[in-house]
Amino acid sequence: MVISGIRLPMMTSLIVWAVIWEIAGHTDAGFILPPLSRIVWRVFEIVPTASFLDALLITGRAFLLGNAIAIGIGVPLGILMGRSVIADRLLLPWVNLFLSAPLSALVPVIMVLFGLGETTIVLVVVLFSMWIIVLNTRAGVRAISPSLVEMARSFGANGWQAFSRIYLWAALPEILAGIRLGMIRAVKGVVIGQLLVSVVGFGTLFEIYQSHFLMEHFWALLLVLFSFAFTLNELLAGLERRFAYYAASR
Amino acid sequence: MTPNIAPAEPRQTPGLAPIPPVATRPIVEVKSVSKTYAGGVEALSGISLDFPEGRLTTLLGPSGCGKTTLLKIIAGLIPASGGQVFVDGREVKGPGPERAFVFQDFALMPWASVIRNVAFGLELRGIAHGEREAIAERHIARVGLKGFERKYPHELSGGMRQRVGLARALAVDAKVVLMDEPFSAVDEQTRRKFQEELLELVANEGKSFIFVTHSIEEAVYVSDRIALLSRRPSRVSAIIEPKIVRGGDPEKIRRDSAYLDVVEDIWQQLKHYLD
Ligand SMILES: Nc1ncnc2c1ncn2[C@@H]1O[C@H](COP(=O)(O)OP(=O)(O)OP(=O)(O)O)[C@@H](O)[C@H]1O
Ligand SMILES: [Mg+2]
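The listed protein sequences correspond, in order, to chains Z and F. Start counting the first sequence at 1; every next residue gets the next number (the working numbering). Start counting the second sequence at 1; every next residue gets the next number (the working numbering).
None of these hints come from the bench; they were simulated from the model. In this text, a Cβ means the ideal position worked out from N, Cα and C, and glycines have one as well. Be aware that one or more of the hints could be misleading.
Said to hold, decoys possible - Restraint ranges, calculated between C-beta atoms of paired labels, are given here:
{"id": "1", "chain 1": "Z", "residue 1": "Asp88", "chain 2": "F", "residue 2": "Gly39", "range": "16 to 22 Å"}
{"id": "2", "chain 1": "F", "residue 1": "Pro250", "chain 2": "Z", "residue 2": "Arg89", "range": "51 to 57 Å"}
{"id": "3", "chain 1": "Z", "residue 1": "Glu234", "chain 2": "F", "residue 2": "Asp187", "range": "51 to 57 Å"}
{"id": "4", "chain 1": "F", "residue 1": "Arg90", "chain 2": "Z", "residue 2": "Ala68", "range": "42 to 48 Å"}
{"id": "5", "chain 1": "F", "residue 1": "Glu205", "chain 2": "Z", "residue 2": "Arg242", "range": "51 to 57 Å"}
{"id": "6", "chain 1": "F", "residue 1": "Ala141", "chain 2": "Z", "residue 2": "Arg242", "range": "29 to 35 Å"}
{"id": "7", "chain 1": "Z", "residue 1": "Ile69", "chain 2": "F", "residue 2": "Gly39", "range": "39 to 45 Å"}
{"id": "8", "chain 1": "Z", "residue 1": "Ala68", "chain 2": "F", "residue 2": "Val41", "range": "42 to 48 Å"}
Go ahead and model the full structure; you've got the sequences and the hints to work with.
So this is what it looks like as structure tokens:
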């Protein structure tokens, strides 16, 4: 960004918004939107507490497990759908349905079916992240040049070798993009889920903060979760860029 | 030196043959193979053709006549709708280690280094890492890419990429090398260089080559035998043995009247397919 001849660093706009937030926080709006400085202060206060670490552990573990399951099922399923017309016809409508459906509405159902433990969080993560992984993997597989597949067959590749040495690698740029988008959706899913039912993980904390009207705590927690999602996105996008060099030349 | 053109089987020219006469044993036998694609396109109809061992045989024909189809059936990549193919006396049921394919678009794995691409056929056969890299290194040097082992395909020119494709096919030490328009994606200078190297391979490797090209000149220049295919559904319309005297100055060969006569003759036969 260049304003009147001076190059401004990327973070400038963030700083501007932070300042506006800070000023707004000192007006009457501070009632629900406290100044940023105090929120940041609260972040350091609540992060070391046992209840926060507890919530982080439960949510984090479930988040990782859920994503692992979503990848473990989503990638092979996407490859299958990209390869087999029958599987594609059979499954694509469902994948599209789940991708566009308002999944938050299903969260309470899962809670009723599977209780309020970690299983539920894991399932919510899977439910939110899997479909975009399937769809992206499918798109990646369909973009593979047929001669690469023929090459593998002509040199004697069996089904497993074709999967692990060709399909997986050729579709990797799309798969990684799918995983990144899936994780972002999973963060949403977990937060929405825990807000909706507010008995497990961060939901408990949000509930406590809200009921006691601890707005600074509430925002601090949101800030932590946002930065977490942002960092995750950046890390995965960095990984994607490492493999992007061959995305154009398959 | 008279060009030898016959409607079906080659007739041997009397006189001094510059190369020993074509070996009697065919390495690949195509017996009344037909192919109808799903959707009803009849690409081949009862084609029969023998490929002599240790020689380069070219499939030449109008665009879309089924050259690639025939090559892929020989490779075992697609099934024939009828007829049989025998390679080294055994019927083709699918891809096999005695055949290797060189692809028109190179078909290199862009995520793998040159050496891994070249060693890929060996990797699939479960040959240990060190051993297959040693073999791959030899063949990389053989095609003139020494020093490029750790480079990636996108760092190479088109001609170099096809060298990788060629090295990969040579590395598995197949008896029959199948090449589908391998030089059509490289520039003219590289193409001529490739033709010289191909001739050298045919002379020194003791392998049999089946070659597909669009270029009459290229076919006449590199082939021991040319199978001229008719328009779809394809049959063999003529078999030609150019009998070019090898080893001389390439420029001279390309100006030689015998060479030019064969080119002209094939052109006359193919011309009427264009309309
Ligand atoms: N998978 C396929 N399904 C249906 N038809 C096909 C398929 N592959 C090829 N064909 C058709 O079969 C015919 C022969 O195709 P083939 O690719 O073998 O010809 P070719 O001689 O190699 O052509 P070119 O000189 O253009 O490379 C063409 O008419 C083509 O359209
Ligand atoms: Mg072709």
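Hints, one by one, checked against the model:
| no. | hint | verdict |
| --- | --- | --- |
| 1 | Asp88/Z with Gly39/F: 16 to 22 Å | holds, 19 Å |
| 2 | Pro250/F with Arg89/Z: 51 to 57 Å | holds, 55 Å |
| 3 | Glu234/Z with Asp187/F: 51 to 57 Å | violated, 42 Å |
| 4 | Arg90/F with Ala68/Z: 42 to 48 Å | holds, 46 Å |
| 5 | Glu205/F with Arg242/Z: 51 to 57 Å | violated, 39 Å |
| 6 | Ala141/F with Arg242/Z: 29 to 35 Å | holds, 30 Å |
| 7 | Ile69/Z with Gly39/F: 39 to 45 Å | holds, 40 Å |
| 8 | Ala68/Z with Val41/F: 42 to 48 Å | holds, 46 Å |
Of the numbered hints stated above, those contradicted by the structure are hints 3 and 5, listed in ascending order.
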